[in-house]
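Assemble chain S onto chain B, guided by the hints.
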Amino acid sequence: MKLVLKIWRQKDAADRGGLVRYEVDGLSPDMSFLEVLDVLNERLTAAGDEPVAFDHDCREGICGACGVVIDGTAHGPQAATTTCQLHLRHFADGQTVTVEPWRARAFPVVKDLVVDRGALDRIIEAGGYITAPTGSAPDAHATPVPKPAADVAFEAAACIGCGACVAACPNGSAMLFTAAKATHLGVLPQGEPERPARAVSMVAAQDAEGFGGCTNSGECTAVCPKGIPLDTIGRLNRDVLGAALRSG
Amino acid sequence: MSTVFVEGTPISDTRAPDVPLEQRWERRRFTARLVNPANRRRLSVIVVGTGLAGASAAATLAELGYQVRSFCYQDSPRRAHSIAAQGGINAAKNYRGDGDSVHRLFYDTVKGGDFRARESNVHRLAELSVRIIDQAVAQGVPFAREYGGLLDTRSFGGAQVSRTFYARGQTGQQLLLGAYQAMARQIHLGRIAMHPRTEMLDLVVVDGRARGVVVRNLVTGEVSTHVADAVVLATGGYGNAFHLSTNAKGCNATAIWRAHRRGALFANPCFTQIHPTCIPVSGGHQSKLTLMSESLRNDGRVWVPVAAGDTRPPSQIPEAERDYFLERRYPAFGNLVPRDIASRAVKSVCDAGRGVGPGGLGVYLDFADALERLGRDGVESRYGNLFAMYERITGDDPYRVPMRIYPAVHYTMGGLWVDYDLHSTIPGLFVIGEANFSDHGANRLGASALMQGLADGYFVLPTTIGDYLADGPFPAVGDVSGAQAEVEDRIARLLSVDGDRSAEDFHRELGAVLWEHCGMSRNETGLRKALELIPALREEFWSRLRVPGSGAALNQSLEKAGRVADFLELAELMCLDALHRTESCGGHFREESQTADGEARRDDAAFSYVAAWEFTGVGQPPVLHREALSFDHVTPSQRSYS
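Sequence order for the protein chains is B and S.
Going by my numbering, the first sequence opens with residue 1, and the numbers climb by one from there.
Going by my numbering, the second sequence opens with residue 1, and the numbers climb by one from there.
Keep in mind that a hint or two might mislead.
Pairs of lysine-lysine, DSSO-like flavour, derived with a Cα cap of 27 Å [stated by the list, open to error]:
hint, chain 1, residue 1, chain 2, residue 2
1, B, 6, S, 249
2, S, 249, B, 11
3, B, 2, S, 249
Just so you know, the hints here were simulated from the structure itself, not pulled from any lab data.
All of these numbers come straight from a predicted model, not from anything done at the bench.
So that you can see chain B by itself, here it is in the shape it has in the complex (with noise of 0.2 Å):
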């Protein structure tokens, strides 16, 4: 198989950058998105020039450190993928692919196809825990979770925090990112004490990061790997009302 790649190259954060041209021959359809830039960079490599630059590591869809736009779409075509698990026999053999890295503010770009998503541990550092020190935890067994709860907990749970929600949002918008992490809390007993000051300092920190407000588009649920639901944010909503009402 051959693709012809128009890849975002940028040298750094100051940089301009702009789209270049490659063409890959000799791919196979059983190949990941990341291996074909793996290709490209060891051809690359071999002529003297530098590689491209991106984001990856477990290569099994769950570190959450890949992520590029493929053709105006964050993790490309298929749904419910991330770029390590796309593979190449969703592509036509000679397709032309643009890859850009993800675009919003609170991103800056590091590097060609890296952002810096250090404000997504930023959101989770202002309130995205409960507070259990080690050593005074109870039995666990003390502790029964309703099952229907722990299911929407461990839905929410699953974020694998790629930012391709972000990277999607017209506003570029972090709420699905926050609503996960604040419902995946908020509906267990254990997380409970700190629901409402949990959804106002996460909610607080992502204004502060620059990230967009949300307008309810869903754009950020349709591109999610993990198909997290749009329904997580009208959860942190009404946790952050919630909250004003109590201290109102």
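Chain S alone, transformed into the frame defined by chain B:
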């Protein structure tokens, strides 16, 4: 063999308290000196790595009040490779009433490790397992639940009780997020200074004590030195030496290898766990291998055609012409035999020409019976995400055709030598999780890696490091520019070779040598050959390497080159260790040491020891220090699963 290594003094003391097994940890906790809270604020600890062990340790040390500085090469601590562990975590809770206990978990783990682990450490691990589950639940880790709201469990390879707690196929992710969130809270409180995208490139040793690390900021290229009162390495295993493995691409051995070069002993480097249920290699482009959780063997049946060379599609092979070889050879455990047993059985049927799929390197993992018994919904609720992952990678729908699996390098049981306190042979350097060698013996049972990482980080290290830090704060260090200058020189050297082969290319070649000669089965001829090939490849590396770009910016080729350079040195030690151990043991199958029916034959009389190696120079014979193992509570016996 006398020329390849030198015999050193035996290791006589591991610091395990000399009291009955069940009282050792309690005794150690009591004898470990305490540091008063006001003094903890003045003591600093560097933690390298943010997987289960590193994140849980950093969070707990910060909660205790120490000043913690944490480093990881990923863009966020949440991405450490523990996140990819699928199956589950063991704990001796006996919530099922099926006869489990701390002693049984201890017993299974010592036996499963093929009698090459320390009884003291393993017993402590089993004791602490119950508290890990409590801690994780308190943090909100969404383990699977029964309808009554209580925790669900399942069974795992090598065990006949149901002691494995799980969160669908994403247990590692959820446990790691729990520890990461605990860390995030401490970062916000200013008690942990977090340095993501920063790689440790050397250890700073001053007056015989570990006092800091030299790191490179992967974005700016800046090399800097950070000092502290103690250093903790939680940097994972070195399975990526094989190039193709189930490890994340970035996992590397640099931190532990640099510490080894600075004087830390490296124990049992040849013990590599090969995991039986991975998706087979599909072509030469392959960049990594993907594990399919071992839990699939709870309900999937492993088989191959009876006749060699049978290329019919599985649906056309009648029941009578199928060989369910694990169930046939190991009736008591069937498909749930431990990983080393299953991996070898798979290899032997493939070697006999009965493998399936491209190249014949695969066997079927068939869910037809489970689908009939549980229905599609039942199977989907247990394994749905794993099935989706399999289909995504292979293009085959496992609800309709059996999965194909083959063994792959998964986990390394070797690592830096540590005593009962998780203290290395360099004072002030502690090593936890997969980076140390201590708890798994020659083979790791399923669902015990997550247990070890969290036991070390949440419970063991925070106690034992206090005993060391009670002597602190240590004197201010003087000039530490030496180590930093060495790191800078090495980077300059990697950039200046200006040859014609990429680091990736060298890595692929090294991996092929290791897999061929030091993989699932080894023999003297092959290992001796590898010991000639590896030094030659290393020499070629330093004359033909090409690293484009500069050291003063994000340069992934440079990162890779530094890691491959270390794998090239470590690989030699792995082969040497495998060569000297002329017994089959756990994941190490020595062809010269097998029973009449092809099972591994251990040699307890000659090899019941930990092989701890001392570095003497690249290409120089290392010094072997033996730590004798004694088994007073689990009598070594031929492991039998039949």
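Results of checking the hints against the structure:
Proposed proximity of residue 6(B) and residue 249(S) is supported: the alpha carbons are some 25 Å apart, at most 27 Å. A hinted pair counts as satisfied when its Cα atoms are at most 27 Å apart, and residue 249(S) with residue 11(B) qualifies at roughly 23 Å. For the proposed pair residue 2(B) and residue 249(S), the alpha carbon gap of about 25 Å is at most 27 Å, so the pair holds.
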